[in-house]
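Okay, here's what each chain looks like letter by letter:
2 protein chains.
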Amino acid sequence: MRTKTTCQSEKVLEAAARLFGTQRFHEVRMEDIAAEAAVGKGTLYRYFADKEELYWALLTHSSAQLSRRLEEVLEPAHGARQQLEAMVEAIIAFFDENPHLFDLIQRAEVHHRPGVASPWQQTRDDLLRLLLGLFEAGQRQGEFTIRHPDLAALMLLGGLRSVIRFGKRPRSRELARQIVTDFLRGADMSQSCLVTEKIE
Amino acid sequence: MRTKTTCQSEKVLEAAARLFGTQRFHEVRMEDIAAEAAVGKGTLYRYFADKEELYWALLTHSSAQLSRRLEEVLEPAHGARQQLEAMVEAIIAFFDENPHLFDLIQRAEVHHRPGVASPWQQTRDDLLRLLLGLFEAGQRQGEFTIRHPDLAALMLLGGLRSVIRFGKRPRSRELARQIVTDFLRGADMSQSCLVTEKIE
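In order, the protein sequences belong to chains A and D. For the first sequence, this note's numbering assigns the number 1 to the initial residue and increments by one for each residue that follows. For the second sequence, this note's numbering assigns the number 1001 to the initial residue and increments by one for each residue that follows.
Incorrect hints may have been included.
Said to hold, decoys possible - Part of the chain A face toward chain D, derived, beta carbon under 8 Å:
| no. | residue |
| --- | --- |
| 1 | Q8 |
| 2 | A35 |
| 3 | P76 |
| 4 | E109 |
| 5 | S118 |
| 6 | Q141 |
| 7 | R147 |
| 8 | L154 |
| 9 | G158 |
| 10 | R161 |
| 11 | V180 |
| 12 | F183 |
Calculated from the structure, these hints are not laboratory results. Every residue, glycine too, gets a C-beta built ideally from N, C-alpha and C.
All chains should be modelled from the sequences, with the hints used to inform the complete structure.
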């Protein structure tokens, strides 16, 4: 009997992501996922008891990927503002590379069992915490002082969601910088202190 | 034979909203909705051919209510900034009063037929247009000049969505003002031009 390997379960998750991204949840059968992943049905069921379990695993997997990505981009960035930009850029890129992810998250929230947090809630909390940490670092380092940290973190993350879903494509190369500039300095460029500065 | 009346169809929609707000879509039966609305099943089917049609009608109805509400609050507001605050406040209040609405919208987007826009898309477009109109008014009247109007409108609406879903309750009475202040002047209060001003 073969043992479970990370590699095989990743293969299954990637195949499932492709299928869930193009077909409705109830249209995707476990055997379709097995075929797409080129594994036997028996193998598939050794990893995931049913479609629902696979679905949750898929969201957990995406969440871990996003965390890893954020760690990678935050580490080399210098200063809180640059980290903020790196974080914004990485989140947009991640969702752009995984276009099925929004539907997965939305579906999970629509169908999640009452009383059980949706599997993406933890990720959302982590992102908020990460942002609040950057806000604190910005203040400690004298880069910026966020007036309403909790509110601003929600506004920024929610705004990103809209930009990712409904914003212009292809993305401007300046997008992350524009978002962070508007976020920190305000969308209004007519303020006296800004007129004298070159923003872009 | 009785004719359709607006009043009766509103009664049905309100009953449906209550049920869809507390039960999963597939658990709500047309007869439950008829009972909740205190109308006969025949009457119900005269208005709505099936649950899916009723569901779309419900979103359309909510959308019209929100538009009406926005007209009411924008009309008496003086100046673009005050209108912006009134709009933000009204959107938050509307979703707080209709807590089932997010789930309805999300469900509609998860289940909408491929190629057909979700029924809320029109509302989203209307809100964006309204915001862009306010931005233009603000510039015309010399109140503010939005640096990246399309981007800022998406960021603001998306941010509102997050605040409504995940923000602290009870809402601060200053919430709309805080959001608009951060939006126009930036979340960073350490900018020199802001330090001399009293924001709150």
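Going through the hints against the structure:
1. The interface hint given for Q8/A is broken, as the beta carbon of that residue sits about 29 Å from the closest beta carbon of chain D, more than 8 Å.
2. Interface restraint check for A35/A: the shortest CB-CB distance to chain D comes to about 22 Å, outside 8 Å, so the restraint is violated.
3. Evaluation of the P76/A hint against chain D yields a violated restraint, the C-beta minimum of about 23 Å exceeding 8 Å.
4. For the restraint placing E109/A at the interface with chain D, the shortest Cβ-Cβ distance is roughly 6 Å, inside the 8 Å limit, so the hint holds.
5. This hint is violated: S118/A has a C-beta 11 Å from the nearest C-beta of chain D, more than the 8 Å allowed.
6. Given the 8 Å rule on beta carbons, the hint for Q141/A is violated: about 11 Å separates it from the nearest Cβ of chain D.
7. At its closest, the beta carbon of R147/A sits 4 Å from a beta carbon of chain D; the interface hint therefore holds under the 8 Å criterion.
8. At its closest, the beta carbon of L154/A sits 4 Å from a beta carbon of chain D; the interface hint therefore holds under the 8 Å criterion.
9. Among the interface hints, the one on G158/A holds; its C-beta lies about 3 Å from the nearest C-beta in chain D, closer than the 8 Å criterion.
10. Because the closest C-beta pair between R161/A and chain D is about 5 Å apart, less than 8 Å, the hint holds.
11. Interface restraint check: V180/A against chain D, minimum CB-CB distance 10 Å, threshold 8 Å, status violated.
12. Evaluation of the F183/A hint against chain D yields a held restraint, the C-beta minimum of about 6 Å falling below 8 Å.
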